[in-house]
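Going down the list, the sequences are from chains C and L.
The numbering of the first sequence is this note's numbering, which starts it at 4 and goes up by one.
The numbering of the second sequence is this note's numbering, which starts it at 210 and goes up by one.
Honestly, the hints are just simulated from the structure, not real lab data.
From the three backbone atoms N, C-alpha and C, an ideal C-beta is built for every residue, glycine too.
Check the hints yourself; a few may be wrong.
As the list claims (entries may be wrong) - Anything over 12 Å on all C-beta distances counts as not near chain L; from chain C, calculated:
{"no.": "1", "residue": "Ala-114"}
{"no.": "2", "residue": "Ala-163"}
{"no.": "3", "residue": "Gly-258"}
{"no.": "4", "residue": "Ile-420"}
{"no.": "5", "residue": "Gln-429"}
{"no.": "6", "residue": "Glu-437"}
To be verified - Sample of chain L residues at the chain C side, in silico, Cβ under 7 Å:
{"no.": "7", "residue": "Arg-288"}
{"no.": "8", "residue": "Thr-297"}
{"no.": "9", "residue": "Asp-302"}
{"no.": "10", "residue": "Pro-312"}
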Amino acid sequence: MSAAIAMSVTLAVAASNAAPVILSTTTSVGDTGLLDVLGPLFEQRTGRRLKPIAVGTGQALALGRRGEADVLIAHAPKLENEFVAAGFGVDRQLVMANEFWIVGPKADPAAVRGKGPVEAFAAISKKGAVFVSRGDRSGTHVLEQDLWKRVGAMPERGAAYVETGSGMGKTLAIASQRAAYTLTDSSTFIAHVKHLALDVLVLGDPLLLNVYHVIRVNPARHKAVNAEGARAFADFVTSSEVQGIIAGFGADKFGKPLFKNAGADAGAGAGAGAEIGDPGATGFALIWEGAAKAFALIFSGDREVWRIIALTVKVALLATLFAVLAGIPVGIALARGRGRMNGLVRAVLRAGMAVPPVVAGLVIGVLFWRTGPLGGADLLYTPGAMVLAQAMLAFPIAATLATTAIDAVPGALARQIVALGATRAQLFATLVFEARRALIVAVFAALARALTEVGASIIVGGNILGETRILTTATVMEMGRGDFDVAIALGIVLLVFALIVSFVAALLSPKREHA
Amino acid sequence: MSDTVISAEGVLVERAGRRILDVGRFDVARGERVAIVGGNGAGKTTLLEVLALVASPTFGVVRVGEKVAASESERVAARRRMAYVATTPNLIDASVERNIALPLAFRSVSMRERRARVATAVETAGLRVPLRQSASTLSAGEAARVSLARAFATRPEILFLDEPFARLDEPTRVGLVREFAAMLGGLGATVVFVTHDRAEAAAIATRIVVLEAGQIAQEGDPARLLEHPHTRAAARWAGFENIVDGRLLEPHAGHERVEIAAGVVLDCVGKRPASEDVAACFRGESVVLAKSVDEIHGSIRNRFPARVTSVAAGQGGVTFVAIAVADGGPSIVAALTAESVQALGVVVGADVVAAIKAAAIHVVV
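This is chain L alone, in the form it adopts within the complex:
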């Protein structure tokens, strides 16, 4: 017997002739915490809605505990094993208590049990407003907590969250995200959540799924994904400043090679992709700048001349220096300390030599 609690098979969603989601196979095991990440329009919310049985896929099936809910009553029964917290709080025009108890009323839970469960959920969600208060008078932060408490009150096997804090202001959001990890710990549910926040995903998730144009671009545990992206989408999510399009050449001396400009070929690490249309991705701090080739450490294989196009101070004493590779070549960002910038005397228009360790460059598709 498998410990898969929910799975999507061959799920395809099309709206107005446009393909929104195309997921071949997606399983979630009991106790997992899966973060779904990706850019706007990647299909994150649609995937969550399909899994939560709120939206129906054009093709494909969703199994909740091995079973495909075929009839409406089976779908209702399956939904009652799950809870869904959307981006907006989606409260009804009634008291806080009535809102939290609404799913319990649907399940015909006794009044006594309802009161007890509402009290526990309010506690867990850290909600501090009178239960009689009208939901329409809540602040955004309070409304988000009511929406969480409503989900907790059902004691779900699977909890879906679609950026429940995205609309909150920064201090409220940071506070709630911190508490949220603790809330989930107490709940013991399988969690699937959508987030834009890399730190939040890395802190809470046991697995990260990167969606791009409706397809799963890459998935894995957070540490591996941050270090070893295989796709541009994963690299973007992992915060690589440089994702430079290029042409994949034949491997040489155990290295993959990517030509990013005429005569500029970077040696890289990583699996050889099937496609020739690739990108070399690397972080800004992996780029070393020097006045001349002589100053570059001997072990760095990738070195090429460039011209400084802009200099901008970032946070924490980091300065971002943009350089153009060759004439009309791609732009690359290097992250330098302020001291290095001074020592090098980097100014816009200066000719420099850039160097990147092969081990810091990943070939992505």
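Chain C with its partners taken away, still in its complex shape:
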């Protein structure tokens, strides 16, 4: 008993003394829940805390290049080899493997079932069937690009080739929604299959082997790297104990293990793609580069960028319009009304101002899923869904601030307006006129909420290129790809918008004169 206490005290001290180990890993590892098992065990065995950051392989490697992570788990062998060859990483070791699968609708319109992966891709392309791509420079995306290269014909972006710029789970959901084909790792697919209307159509080809390696970030390159911690994790994850855990992981929940361990037949890798250059700028230089890129993006006349900007504005303005059209009458009703319900509604709306966007996105997502109550509307992953989600987020702000604005109009003035012979509509119009300065603030607060949120738009919009990609979701995606300068550039464009909005607000509501 006392020994156990002494042990845990020692561990606690060790844990608090040792710096945490930052593991940059791929979403496919994160999405399966493996890290949730390995994290606590690592801490128990080594007394070190693990901070896993689940991102795409592109960003995982980019973080490693910058020394922002201590150790990586990646699944794009060619990129990894280049990463090590360039001196950014050391000691690459095999951890585990699974497979890539080509999945698609049960009906299989391109008849790819049982074909090889290259033939399958060729058939999809020839048939013009819809294919959903990660488009995020993840290991999966890299392999997909390699397969298209082998087909010799890269499909054009459009209705038949959809880029999500999102993780595997999200991309599978979109493929299912659209009855489209996609390339997935087997683990994520098994973990998500019960929500999907997709079948596994192509599997078991050597090209589709998916191997995960652990790579320590080269401590010679970056002083700040936790070299000891990285080594401890690399040793831990390749130890026989953890390898045993990996071999059985997921069997209880999904009926079969999600991964094969390193001892199994996990040989050479697949994949080819982007090059690894220099680690790129850091700190203020990075922000400066981002600013320069922002200018280039805006003034290059790139149609895609302008389409993103236009959609961002359109969606946010529409959402604000709906939020304000509903919010101002509600505000007037609340400000003029009395009673217990009044206080309750006010409290609910106030709380609504703090609803996290992802929650709003989740609610609308659930409602509009194919299997959801409003699935028939076919609204999910369209700008309409984003307008709805943003309006839902902006409405409590518009309503609460409108209530406050009308509350601020003295009761004596409201009674005076009635006494002057106003009809109810004339009274409301006069109250709105009187509160106009505060109401303009309400409108712009609602617009700011709609313009800046990302959590809901990414869930219900899906960040689909040319369809539902807006500035915030594109920024998140570029982050995921490790293109930090583009992310900052998009952020700067967003900031410029905020400034324009603020100036317009100032112009529309001049300061009140006083005697």
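Given the coordinates of chain C, work out where chain L should sit on it, guided by the hints.
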């Protein structure tokens, strides 16, 4: 056909379980100018708001021109025959012109007609500021005039005013009140107004209604009310310095009698009230003080010993002398000229004899 333009019947207003107003019947005839007076919390503003159809009574009805406005559209139509000027100017955050034209805009009056009416109203209200000026930059006096002009512009049949000048400083207020009587003369409207100012009420009103605790304590023409109060509230309003609680005794020799202290009984004039809980009210100048009973004129029936408790100089050479009636009895104020005070040698603690003519004492409830 009656010439009643507005009436309240059985109007009862309760807020948070408290009775604010309880008016059995209140009629205003065409062309009347009714002043509603009374202390704070007497229900004056509530009565005005109920009459102007701004506040709804808990029970009872208001008839505007014989008709009860039942629906919202009927209430709007009735309100458009009236104008309401509140204690605060209640202007919107817009130009002076837009403020005055606001009720005309509600009535969809043509732009041309609006301009003409605003010009006339500005003239009548004696407003001398640019029409384009923002209402938020006006002085309190100017704002009060804008509020009046806004009411005048609607050419109301009935004009309600709730102490529109109460918040102004003294010189501005006095100037406006003087002009105000002339403004009303030109308007030809029926006027119902709330005021604290006795002189203003007496100068403008054809009838005064005294409210006390939400009920009409007394009403009548100003001269009669000033001379013959029937209630403590009316006596207070009429400026009686002495309202002394007492017990009503049986009448004697054609006089009502009120005992204000043990052995001190005052003969009074006035109708015998139903209640025994009464007060004798009389003005300070009706009280005569003397050194001894011998000096009192023979015809004065009410005489009693008292002791001087304080002496204070008032305005216009008047000195107020407070006297205590008997031991632990009520306090009475006498208004004396400075000469009398000197001649009597009144000092605090002096024993005196006080005398009051029966005709100057009114029994009130």
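Which numbered hints fail: 4, 5 and 6
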